[in-house]
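From first to last, the protein sequence lines stand for chains A and B.
Position 43, counted from 1, in the first sequence is what this note's numbering calls 43; the numbers after and before it change by one each time, with no gaps.
Position 220, counted from 1, in the second sequence is what this note's numbering calls 1220; the numbers after and before it change by one each time, with no gaps.
For the record, the hints were derived by calculation from the structure and aren't laboratory data.
Among the hints, a few may not be true.
To be verified - Once the Cα atoms are required to be at most 30 Å apart in a straight line, the calculated DSS-like pairs of lysine-lysine come out as:
id, chain 1, residue 1, chain 2, residue 2
1, A, 134, B, 1169
2, B, 1168, A, 127
3, A, 127, A, 93
4, B, 1182, A, 127
5, B, 1198, A, 93
6, A, 134, A, 102
7, B, 1198, B, 1182
8, B, 1168, A, 102
9, A, 93, A, 193
10, A, 102, B, 1182
11, A, 295, A, 173
12, A, 134, B, 1182
13, A, 267, A, 193
14, A, 179, A, 295
15, A, 127, A, 102
16, A, 267, A, 295
17, A, 93, B, 1182
18, B, 1168, B, 1182
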Amino acid sequence: MADILEINNLSKRYGGIQAVDRLSIRVERGSIYGLLGPNGSGKTTTLGMVLDVIRPDAGSFTWFGQPVSRDTKRRIGALLETPNFYPYLSAQKNMEIVADIKGVDYSGIAPVLQLVGLEQRRQSSFKGFSLGMKQRLAIAAALLNNPEVLVLDEPTNGLDPEGIAEVRELVLKIATEGKTIILASHLLDEVEKVCTHVAVLTRGVLRAEGPVSTILSPKDQVMVGAPDTARVQEVLQQLPFVESFRQERDLVHLTLQDGYSSMDVNKAMFEAGVVLAQLTVRRKSLEAQFLEIIKQ
Amino acid sequence: MNLLRIELHKILPYRTVWVLLALFVFLLVFILYAGSKVSFNGSELGGELYALPALWQRLTYIASYFNLLFGILVIMLVSDEYTFRTLRQQVINGLSRAELVLAKFCVVLALGVFGTLLLLLLGLCFGLLYSADHSLSAVFGQIDALSYYFVQAVGYMSLAMLFGFLIKKSGLAIVAFIAYAKIVEPLLHFRLPDAVDKYMPMKVLGSLTPTPGQELIDQLTTATELLSPAWAMLPATGYIALFCLLSYYTLRLRDL
C-alpha cells in the first residue's frame, strides 16, 4: 500500500535563511503524524510546499503515490497557519464557496458546522468570530469533502484551554474514522497526547522521526550517591544496561536501557561490594528530552 | 461556469462593488441627461447629439472614461484575495493557479457585459427619445461600436487584473495602474513615432472608441495616426490574452 505522503529531500530557502533543509519523511495510512518543532523550524513551510502554495527550491513529494493535482487535493482537507475566509461573508456563505471549489453538495455543510459547534452562528459574518470560532470554521471547511487526509497546522493556536481540549478530542475522533492526520505543532504535550508518529524539526532539519513511543518515551533518570564515587563509576562502566552516566557534584546521574530499573542498579552495586548512600529515581520530563533532541 | 459562480458568491454580498457600479450608472446617466440640456445658439443640442446612429460612437466614447473605475474595482477584488489570504486557501482547496486567473477573468467579462448592456439600454432610451430617425438601419446601423467598447473595457480590466496580481496591495496597484494608463504610456507616445506607438496597449484600447469629430480636430492640429476600431480589435485581443498570461505567470512564480 502506497504511503499517504512521501517527501524526498525537500528544500526551501528564504533569502539567507534555510527554512527547510533536505527534508525526507513518510506518512503512513491511518497514522496521526506530528510535525514537532519550535516556532520558525520550518513546519508551516513544509506543509505549504506539500499543499502546493509554496514553491520548493529542490526535492519532491507525492500524495497517495501521485504528484499533487486536483484529484489529490480532493482527498485532502487542510488548514494552513491561519483560518482564511472572506470577512464580510457569513459562515454559511464562506462554506458554500469552499463547497463549490471542492465540488461538494451544500447539504454537506450543516453536518460539519454541527460537528465543530458552529451551527448556531452559521448566519453570522466571519469578521465577528472569535479566534477559536474562526479556527473551528477552518476545521469544518477542511472536513467538508470528507477527506482521507487532514492536514492541520497549529490547530489549537490561540484557543482557550476548553477550545484546545475540544479540538484535540475532535482530532482523535476523526482519527478513529480511519483518516490520516498530519498535525504541525510546537507543543510537545499536544503531539504526545494526540499523535502516533512524530518528526522533530529544528531550523528546517529533521532531528528525529518515528513512533511517538520510541522518540518521546519518558525514561527514568536514576541518581546514586556513595562515599566512594570513583569506585561507583568503575562499576557503572561495566554494567551493560547503563546507557550513560555523568558525575554531578556528589551524585552520579545515569540513564538506563529500557526494561531496567533502579533495583538492578542497586543489586549490581551491592554485588560489587559498593553500598549506596543515596538512590533516587526521577522521571525525566518530556520537555527535557525534547530539548535534548533539538540541541543535538 | 463554476468559477463564475464562485466569484459571484464573493461579489454579490460585497457592498463596495455595488457602490462603484451605482456610481458608474449614475454618472453616465447624469452626463447624458446634462448633455441633452446643453443649448447652443438658442437651441438644445439633445436632438443633434443623440441622433442615431452616430449616438453609439458618442456613447461609447463617453463611457470609455469610466474604464478606470472598472479597473479600480477589479484591482480591489484581486488584492482582497491577497489580503484575506484566500488565494492560498483556494489553491489548498483544489483550484489551480490558472483557474484563479480564469475566475477573475470571468469577473472581468461579466463586468464588461454589464457595462455593454447598460450602454445598449441607455443608447436605446436616449436615441429613441431624441433622435428623429427611428428606422432599423438608424438604430442598429453603427451598433458595432458597442462590441468595440466591450473589448476596450475588458482590455482595461485585464490590465488592472495584472496590476492587482502583480502588486498585491490595492492602494499601490491602483496608483500604478492609473499612472501607467494616464502618465507613463502617454509620455512614451511623445517619444515614439506614431507608426510604433499606435500599437501600444493604451493607444490600441483608446482607438477602439475614437473621439467623435476627430477629423475636425485633425484639421486644426497635426493628425495623430490611430488604428481604426475594427483594426484595433486584433491587437487589443492579443493584449488581453497577454495580460491574462502574465497574471498567470505572476502566480506561477510566487509563493501564495
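Here is how each hint holds up against the structure:
Of the supplied pair hints, the one linking residue 134 of chain A and residue 1169 of chain B holds, its CA atoms being roughly 24 Å apart against a limit of 30 Å. Of the supplied pair hints, the one linking residue 1168 of chain B and residue 127 of chain A holds, its CA atoms being roughly 21 Å apart against a limit of 30 Å. Simply put, residue 127 of chain A and residue 93 of chain A have alpha-carbon atoms about 13 Å apart, close enough for the 30 Å limit, and the pair holds. Using a Cα cut-off of 30 Å, the hinted pair residue 1182 of chain B and residue 127 of chain A is violated, with the two alpha carbons roughly 37 Å apart.
At roughly 46 Å between alpha-carbon atoms, residue 1198 of chain B and residue 93 of chain A are farther apart than 30 Å, so this suggested pair is violated. Taken as a hint, the residue 134 of chain A and residue 102 of chain A pair is honoured in the structure, with Cα atoms around 20 Å apart against an allowance of 30 Å. Restraint check for residue 1198 of chain B and residue 1182 of chain B: satisfied, since their Cα atoms lie roughly 15 Å apart, inside the 30 Å limit. Annotation: proposed proximity of residue 1168 of chain B to residue 102 of chain A holds, straight-line Cα distance about 25 Å (limit 30 Å).
Between the alpha carbons of residue 93 of chain A and residue 193 of chain A the distance comes to roughly 35 Å, so the proposed pair goes past 30 Å and is violated. Restraint check: the Cα-Cα separation between residue 102 of chain A and residue 1182 of chain B comes to about 41 Å, which exceeds 30 Å; the hinted pair is violated. With a C-alpha separation of about 34 Å, the suggested pair residue 295 of chain A and residue 173 of chain A falls outside the 30 Å cut-off, and the hint is violated. A threshold of 30 Å between alpha carbons decides the hint, and for residue 134 of chain A with residue 1182 of chain B the separation of about 42 Å lies outside it, so the pair is violated.
For a cut-off of 30 Å, the pair hint linking residue 267 of chain A to residue 193 of chain A is broken: about 35 Å separates their Cα positions. As the CA atoms of residue 179 of chain A and residue 295 of chain A are separated by approximately 33 Å, the hinted pair breaks the 30 Å bound. Restraint check for residue 127 of chain A and residue 102 of chain A: satisfied, since their Cα atoms lie roughly 23 Å apart, inside the 30 Å limit. As the CA atoms of residue 267 of chain A and residue 295 of chain A are separated by approximately 34 Å, the hinted pair breaks the 30 Å bound.
Restraint check: the Cα-Cα separation between residue 93 of chain A and residue 1182 of chain B comes to about 38 Å, which exceeds 30 Å; the hinted pair is violated. The hinted pair formed by residue 1168 of chain B and residue 1182 of chain B meets the criterion: a straight-line CA distance of about 21 Å does not exceed 30 Å.
Hints 4, 5, 9, 10, 11, 12, 13, 14, 16, 17 from the earlier list are contradicted by this structure; the remaining hints agree with it.
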